[in-house]
Amino acid sequence: MVTALFTSTSAVCVTGLVVVDTGTYWSGFGEGVILALIQVGGFGIMTLASLLALLASGKLGLRMQLTAQAETKSLGIGDVRRVLLGVAGSTLIVELAVGAFLSLRFRYGYGNSIGDAAYLGFFHAVSAFNNAGFGLHADSLTGYAQDPWVTLPIAVAVILGGLGFPVLLELLRHRTRRRTTGRRTWSLHTKLTLVTTAALLVVGMSLTSLLEWENTATLGSFDWIEKLLNGFFHSAMSRTAGFNALDVGAMHASTLLVTCMLMFIGGGSAGTAGGIKVGTFAVLAAAMLAEVRGEPHAAVLGRYLHSLRRRCRKRLAPQYGRPTGDRRVAVIGLGRFGISLANELMSRGWDVLGIDTDAHLVQKYSDSHTHAAVADCTDPEVLRQLGVTDFTSAVVGIGTDIEASILITSNLLEAEVPNIWAKAVSRQHGQILERLGTHHVVLPEHDMGERVAHLVTGRMLDFIPFDDDYALVKTVAPEAITGLPLGESHVRSKYGVTVVGIKRAGEAFTYATAETVVVTGDVIIVTGRTQAVEAFAELS
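First residue of the sequence shown: 1, per the working numbering; consecutive thereafter.
Just so you know, not all the hints are guaranteed correct.
[As the list claims (entries may be wrong)] Derived lysine-lysine pairs resembling DSBU-like cross-links, with alpha carbons at most 30 angstroms apart:
{"hint": "1", "residue 1": "K474", "residue 2": "K503"}
{"hint": "2", "residue 1": "K474", "residue 2": "K494"}
{"hint": "3", "residue 1": "K364", "residue 2": "K191"}
Don't read these hints as lab results, they were simulated from the structure.
Bear in mind that the values here come from a model prediction, so they are computed numbers and not experimental data.
Full structure from sequences and hints, please.
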């Protein structure tokens, strides 16, 4: 009874620890139960870990939400059904493919009957993908140490299972996207998992092969290709699964130390592997390296770590005399307008929270923003969770979806955000936003069109409207006011405008006074009613 309890616990937890020989102690029914527990345990771990990531991205605070959601970018809180189907589908595909390959090898390479070959093949495929490490041989896989047609498929299954479902899902998504659009971009989480996994496999293979190269009890009797293959297999198994093709008890102490380090690191997040996870290891390594070098920030694959970036800004702030006060702004909608605004605010030293429903946009611009989040701000609860309601300034940069623009602006007003700017795409849209009580409504396309029209049809060098009938214009000084001080040319009484600035060739702009003499070729800044400044700019 104790043996059965221990084995079932080990199987459902995909641990791989055994106290008896699985292949001889248990009956066929018992082995079937073990296999079923492995499958249920692996599926449960991948599913539960993925769903916990979803819950974390939707229910925790801003910092955890940005980490869980923006970096993985592949899952949303409404994707529970897709997670379940995705985990089941990826599990089935990998296990069938590896199981079929191993079955053929056992059938035609070792002469097993069709039934025995299929049983051996699929049992080891399921055990490998779920990183369980259960085998049907007393010596695990040491009898196949010189057969890459057995060890390599098992290693592939172990590595894929250890990557984690979010990574597998994103790889499949981007393979499809690249085939249809020719583009492929991976999230930081996926790139970090893949790069770190590959690096650990190479390092583990190299160290195991070098340390055991002359050990006759392990690799010493193999040729150099078999040594490298077994070094690779041991490296893959140590981090995640528990199969062994070499006698672990005969290894050198130094090799066992390397094995323990690999076991400690483990595999990817939301996968069946254990350990602290490769992503955690990579981030810790980058942070430690930055501290050793005395660098104020750490970077992983060209991306700054947010917490260290904030520390960096705190160190540099006194040097540049950054003013005190709340210098945070939320930019909702990361289209052309929102991104341009956010980048300009960042360049001025403001902390920017960029929010959009498009995960790819958030991932693309998360490097340049203090924070970035994938969220639907039409839900007031989302604004509260992200902390936007605590900001003193927010900009709604959504233009294409007028309904979302109005709902989000309304949510911000109800949350009593002190300073709200909203982009409108039409006069009617702007009027609705104004009636809601929006503090500032901007029509960038309309304003730019009006500005360019004035520049194209007149002698103006620049045109900036301030109100419905008031504007600021940069133009070349007309001959009618040259040669005299401005006080004597009576510009205001004759033309209804005021000259506020002047720039002479080779000099900077200066304030205009009544004693300022305008000469031919001077560029002047004029303000007044729109019709008056238009007429003044047309003077020759």
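- [ ] Verify the proposed pairing of K474 with K503, using a straight-line Cα cut of 30 angstroms.
- [x] holds (10 angstroms)
Task: Restraint check for K474 with K494, where alpha carbons must lie at most 30 angstroms apart - done: holds (19 angstroms)
Open item on the list: With the threshold set at 30 angstroms, check whether the alpha-carbon distance from K364 to K191 stays at or below it.
Closed with: With a Cα-Cα distance of about 14 angstroms, the restraint between K364 and K191 holds, given a limit of 30 angstroms.
Against the hints set out earlier in the document, no violation occurs for any number.
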